[in-house]
Amino acid sequence: MTRASAGPAEDHRAEQHRASADAADPAVSADVLARAAAGDDQAWRRVLEAYGRRVFAMAFSRLRDPDIAEELTQAVFVKVAEQWASGDYTEQGRFESWLFRITMNQIRDEARGRRRRAGRLAPAGSLDAAPSQHELAPEEAPRSETDRMRAAIEQLSESDRDIITLRHQGGMGFKAMAALLNEPVGTLLARHHRALKKLRTLMETDSETNA
Amino acid sequence: MPEHPNDQHSKASRPGEERMEQLLGRVAAEDRAAAPVGLEDRLFAATRSKPALKLVGSTAASGPSRRRLPLVGFAAAAAVLLVAGVGVWKAGWLSASQPAAAPNELLSAEMNAAESELDAAEIELEIWIASLDALEGDVSGEIDLLLAEVASLDEAWDAGLGASADVATDWLDLGGAL
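As you go down the protein sequences, you meet chains P and Y in turn.
The opening residue of the first sequence carries number 276 in our numbering; numbering runs sequentially from there.
The opening residue of the second sequence carries number 16 in our numbering; numbering runs sequentially from there.
Keep in mind that the hints were calculated from the coordinates and are not lab data.
Backbone N, C-alpha and C define an ideal beta-carbon position, used for all residues, glycine too.
Any given hint could be a false lead.
Said to hold, decoys possible - To spell it out: a stretch of chain P is covered by chain Y in this simulated footprint if at least three of its residues, at any positions, have a beta carbon under 8 Å from a beta carbon of chain Y; those stretches are:
no., region
1, 314-328
2, 343-353
3, 419-433
4, 443-454
5, 472-478
What the hints assert, rightly or not - One-sided and incomplete, this derived list gives chain Y residues near chain P with beta-carbon spacing under 7 Å:
no., residue
6, 35
7, 38
8, 45
9, 46
10, 58
11, 62
Bound-form chain Y, shown alone:
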């Protein structure tokens, strides 16, 4: 007569099992302690960052270029500040190096110098933004190509799975027929 599970249970040594449970508890504690410091913070950041990025990019682009928009905006803002700063510094240097002149003439010359610096800064900024746009276009193109490749691989994988399922169905049909 086969042994009933309760009989097997009765033959097991409880102290032996308890020892195993204690050891497993120690192993589990070691595994939890192996988690890096700040794991929860990183998990929080990872799970909360995605919606924020989508929100920033939702008005203009779609797909991977969405995530680059804040970066491009930041670079453009930095460019404006840099060029404007250089313009202001140059205007200040020009005014300091001018010979003494009548107050009105001095003011007018400073305004002209500042205006021309601003014009130059605007041109530089436009060139920089154009180059950033071109760069973004190139990167977007590359990413779109990669995504297209991934999509075609996914399709191939799905087709493979479909074929496997068909073969399995055929075998089942054959089994049923036999």
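Chain P extracted, bound-state conformation:
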């Protein structure tokens, strides 16, 4: 990450190389996945150790509630285990995409449920009962850099947030993300790059506002 840039074309190639390297180094081998799918407890534990916290982090980053994030993580892995037990799943090197697709769907369902509940509870005219971090009063405004980054992420569009969450909280490679989101790797690289630029602008604006 600290290397000097030798130009945009090289940057792009390096990023693509990193993306393919990510995809070529899965957290769990195909053999372990096959054994876990066949009911091997030891292999299943390895899958949970490799992916449990990544799924939790994705849920926690979007829902900000550790209990709900844990429940959601549990629901995701119960679904995986049930699918494996039913014999409907065939390992074709796309486990990570499948797992994180289930995770994103669960997060969306939970977020939708929250919005519905907030809509019922919020007074007339209000769009959301729970204020986001960037709406807090100045004296309560987040101070740490990571808190400011979280506030900036909240201001991204849903699709940009998905890319950031999958890439950083989920630790996904661009190739697996491309399979999940059904988009070419190049498009995802460009979208990720644009999302980083937006975050940078948001962080800079936030610094100027607080200065």
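Got chain P sorted already, so can you dock chain Y onto it with the hints?
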């Protein structure tokens, strides 16, 4: 002429992006660290407990009552041990409080006392099991009612979705006609 994406890319400051990536890495690390201790063990238990419960209950009941069967079995076993223990203790107390008698008479009296205690214990156990069955029946009834309500809500939801899809199709048809 519109700007080519590669041109946009060239204008972006790599150090700025790297800084953002580092920060995102720190945020992600904090989010992973927020996971409770023993998360993996709990996930393992949650994903492995369901088949075990199904196996225990598969011979008798179906539905929600399956999961209560091990609990009822455990309660009944505890009841047997408790009542039998009380019986044995009482038999021992009776024998200790008897006046001195011939060995055969003493043995016979102890056996009779133990038998009557066992009979009483059996009756108590039967009453207890009957009350447990009644309790389980009540709870099963309540759960079945709740499940029926959930099923009807699901149907209503599906019907609503079907109606929405029909409206969408109508709009598409209308759009096509126009």
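Coverage claim, chain Y over the region 419-433 of chain P, checked by counting residues with Cβ within 8 Å (three needed): Result for this restraint: holds, n = 5.
query: Three or more residues of the region 314-328 of chain P near chain Y by CB distance under 8 Å?
result: Holds, because 7 residues of the region 314-328 of chain P bring their Cβ atoms closer than 8 Å to Cβ atoms of chain Y.
query: Do the numbers back the hint for residue 46/Y, that is, is its least Cβ distance to chain P under 7 Å?
result: Holds. Min distance 4 Å.
Assertion that chain Y covers the region 343-353 of chain P - criterion: three or more residues, beta-carbon distance below 8 Å: The restraint on the region 343-353 of chain P holds, since 6 of its residues have a Cβ under 8 Å from chain Y and three suffice.
field: Per-residue hint verdict: residue 38/Y, partner chain P, C-beta under 7 Å
entry: holds, 5 Å
message: When I compare C-beta atoms, does the region 472-478 of chain P have three or more residues closer than 8 Å to chain Y?
response: Our answer is that it holds, as 4 residues pass the Cβ test (under 8 Å) against chain Y, meeting three.
query: Was the hint right that residue 45/Y lines chain P, CB cutoff 7 Å?
result: With Cβ-Cβ at 6 Å, under 7 Å, it holds.
- request: May I ask you to test the interface hint for residue 58/Y with respect to chain P, counting a Cβ-Cβ separation under 7 Å as satisfied?
  value: holds, 5 Å
message: Just to be careful: measuring from the Cβ of residue 35/Y to every Cβ in chain P, is the smallest value less than 7 Å?
response: holds, 5 Å
query: Do the numbers back the hint for residue 62/Y, that is, is its least Cβ distance to chain P under 7 Å?
result: It holds, given that the least Cβ distance between residue 62/Y and chain P is near 4 Å, below 7 Å.
query: Within the region 443-454 of chain P, is the number of residues with a Cβ closer than 8 Å to a Cβ of chain Y three or more?
result: It holds: at least three residues are needed, and the region 443-454 of chain P offers 3 whose Cβ sits within less than 8 Å of chain Y.
Checked against the numbered hints above, the structure violates none of them.
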